[in-house]
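Protein chains in written order, with numbering that gives the first Met the number 0: chain C, 0 to 427; chain Y, 0 to 427.
Since the hints were made in silico from the structure, they are not lab data.
Please note: incorrect hints may appear among the correct ones.
Identical copies go unnamed one by one, so any copy, or any two together, can satisfy a pair.
What the hints assert, rightly or not - Computed list of lysine to any residue pairs in SDA-like fashion (alpha-carbon distance at most 20 Å, straight line):
hint, residue 1, residue 2
1, Lys251, Thr393
2, Lys377, Leu398
3, Lys377, Ser308
4, Lys259, Asp359
5, Lys251, Arg29
6, Lys389, Leu121
7, Lys251, Ser271
8, Lys377, Gly306
9, Lys377, Ala305
10, Lys377, Arg29
There are 2 protein chains.
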Amino acid sequence: MTVRAGVVVTGTEVLAGRVTDRNGPWVAQRLLEMGVDVAHITICGDRPDDLTAQLQFLADQRVDLIVTTGGLGPTADDLTVATVAALYRRELYLDDELEQRIHAIVQRWRSRLSSATDSEPLQAGVRKQAMVPHGAHSIAPTGTAPGVAIPASGSESLPVVLILPGPPRELQAMWPEALDSGPVAEVLTRRAQIRQSTIRAYGLSEADLAATLRTAERQITGFGDLEITTCLRLGELEMVTRHAESAATPYKELAGLIDKHHGAQVFSTDGSTIDDIVAARLAGHRIATAESCTGGMIAARLTDRAGSSAYVIGAVVSYANEAKTGLLDVPAEIIDEHGAVSEPVAALMAEGAMDRLGVDIAVSTSGIAGPGGGTELKPVGTVCFGIASKDRPTVTRTLRLPGDRASVRALSTTAAMHMLADALGPAH
Amino acid sequence: MTVRAGVVVTGTEVLAGRVTDRNGPWVAQRLLEMGVDVAHITICGDRPDDLTAQLQFLADQRVDLIVTTGGLGPTADDLTVATVAALYRRELYLDDELEQRIHAIVQRWRSRLSSATDSEPLQAGVRKQAMVPHGAHSIAPTGTAPGVAIPASGSESLPVVLILPGPPRELQAMWPEALDSGPVAEVLTRRAQIRQSTIRAYGLSEADLAATLRTAERQITGFGDLEITTCLRLGELEMVTRHAESAATPYKELAGLIDKHHGAQVFSTDGSTIDDIVAARLAGHRIATAESCTGGMIAARLTDRAGSSAYVIGAVVSYANEAKTGLLDVPAEIIDEHGAVSEPVAALMAEGAMDRLGVDIAVSTSGIAGPGGGTELKPVGTVCFGIASKDRPTVTRTLRLPGDRASVRALSTTAAMHMLADALGPAH
């Protein structure tokens, strides 16, 4: 049986586009992984009428579970609990124990703050956050805001609702307990066992994959039981397939067909990202980057990962030519002869980083991110890459990447990650 | 008079949380700037029933304008135009001229693609994209997908709908023509003149701003006519106020009160970001960064901006201590004595970058981003900063930043931008 869910993201700053919502996507991914179908995500501001309308819409759409995020703070414009309780016709009561618990958390924080805040609004805020609808399950706060799970209301045709706070870290920390809370756990027992598999390829066009999928549709019995979505992002084509246990065979056949036609482009079939793969392959290595047009983005991406200090030694961002010469020992004559955006310069940058930083592998970029600086021979989007390594000759490559400055830089960074993965080869 | 809008973002990959939507926030910001009230944003997958339900919901909520993004591609799962047309009871017809135009664009692209694609599905795709609902206004494509604007339907109580493609660059390029298209332009004439002003502060707590707003509420006549939202992000507190022309005086008084109480923390009252301010103040300077825990993020952020090559010379990411010594001349004994995360090391890193890269200002970071590496004296989140400049003694500072690894790195990067802005002083 399918369990359908809707997600309501609250917050005027999200609705106004000033803050990128991280909760809707995170909750949707968790639900899908568990085999829950996400039907709608809605975003609303801090207006009770709009929130009520969205909740009613989702109820009318016959979802089995609504998850709301945000609007649980101590101030007057945080009104999710009161609004949901009104729709579900449940009175709020003050949970004394919860009030004490929140009060203790706030006191601990307050003692670390330099700025004194009024004590009266503070206590009113704590009291507000400790108000719980009758018959609801409270979920322990990791910040100051407790979550709330309310059972379905048969008479009003309202589904189970799970109310969680807006700060992503709080929400994510509370998620396991939220799933275990009575009303939510009950809904989840009704879900079907759904598997979700992801195949990722680099350098494969959507059109070529579509052609293979058309072949699959003709050849594979039970192809229709696979729910396939594809998505192209920074040159990586991702194909996510959801299916019931019973459709395991058609999925296996599909995966085989894709491997047969596009095996050279497929880099992941187990959910791992290119960052996971590069990190695994860098074990036991020492790496440095030498970056021009990417301006430090490859180094920032490599060091994004906890534990990266085991293999990242450092980087040189040689944005100006003098930095290429001064810090990476690229002879000025070579730059004059070939131009800074050239394979000879990219090769020398990577080799210079390898020597200067004493690493066994280094990657370099030199390109024209735009909007200015393009020429007829080297238009905006031209990027040269180099990979130097202790064991092998330096390799270079030139790509012409589409889009604006941000696009060229992001595509270059991802291209460098794939070249690194190829150069490092499979982990042993 | 208020014009209310709703935004529908389509795409299974967005609903599933695999792709971050950029269109909803972008469209919402543009509408709000024009004085249009954004009531709801909804996200739906590639299922016609769900899309119809969301459109009907927005119509029931009495919005005057619906903007949809995505679902205009050539393949069968791109079904926005057909679904909207069905709801509005408008037949589709093939616009011959549009078909030829799209065909020419596709041919141009195809000639640059290495992979051959089937010709038959391609032509079917072009034909599909050239189908226009009767009575609708077509908006010229910048990719292959034209936009569509459909007038309100009085008999069905349906609002004006503007259908735009999903790729952000295409959508944004088509936006001006979309606003000028008959049905949209007509709705927009009905909007009130709304002003939107933004005040940004760094190092100001939400509680302190809330206290000032309570004072403002008591003191300022017409305070209730101001629609204020505040948002804390990476240590920056942003206050956006929307008001009618008639409430210009209360806003001026509010801005004065905030300047009086928090003038030292306010860094922008004209919409400019810290990146804008740093870029403006760097004119005529030469800058380098020396980064440890931020791993290149400051350099990447500085070079994110077109034209940054005029002042960014380069950066050294000295992740390992040997890189601090080898590339930035920080004596190993100083690192041994004080630890890599210390103000003396941060000072020497900045000075080393200034000397090695021949710049007149350099900023450095050395910190413990976590999750490992923390000690009792230097817990995770401890970050030391240094600013070296030609004219002044080197300054250093230590912050203890909250949150996980990503949070510490992001907060450090923003902190460095603010220190740079302060060190550079107002532009002359």
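Cross-check of the supplied hints:
Taking the shortest alpha-carbon separations for Lys251 and Thr393, neither the intra-copy value of 39 Å nor the inter-copy value of 62 Å comes in at or below 20 Å. In the homo-oligomer, the alpha carbons of Lys377 and Leu398 lie at most 20 Å apart inside one protomer (11 Å), although the nearest pairing across protomers, at 44 Å, exceeds that limit. When the C-alpha separation of Lys377 and Ser308 is checked against a cutoff of 20 Å, the pair qualifies only between copies, where the shortest distance is 18 Å, while the shortest distance within a copy is 36 Å. Taking CA atoms no more than 20 Å apart as the test, Lys259 paired with Asp359 passes in neither setting, with 34 Å inside one copy and 57 Å between copies.
In this assembly of identical chains, Lys251 and Arg29 lie within 20 Å of each other by CA distance neither inside one copy nor across copies; the values are 24 Å within and 46 Å between. With identical chains, the CA atoms of Lys389 and Leu121 are never at most 20 Å apart, being 61 Å at best within one copy and 47 Å at best between copies. Taking the shortest Cα distances, Lys251 and Ser271 sit within 20 Å of each other inside one copy (18 Å), while across copies they are farther apart (53 Å). When the C-alpha separation of Lys377 and Gly306 is checked against a cutoff of 20 Å, the pair qualifies only between copies, where the shortest distance is 18 Å, while the shortest distance within a copy is 38 Å.
For the homomeric pair Lys377 and Ala305, the shortest alpha-carbon distance between copies (18 Å) is at most 20 Å, but the shortest distance inside one copy (38 Å) is not. For the identical chains of this complex, Lys377 and Arg29 are neighbours neither inside a copy (45 Å) nor across copies (35 Å), given an alpha-carbon limit of 20 Å.
Of the numbered hints given earlier, the model fails hints 1, 4, 5, 6, 10; all others are met.
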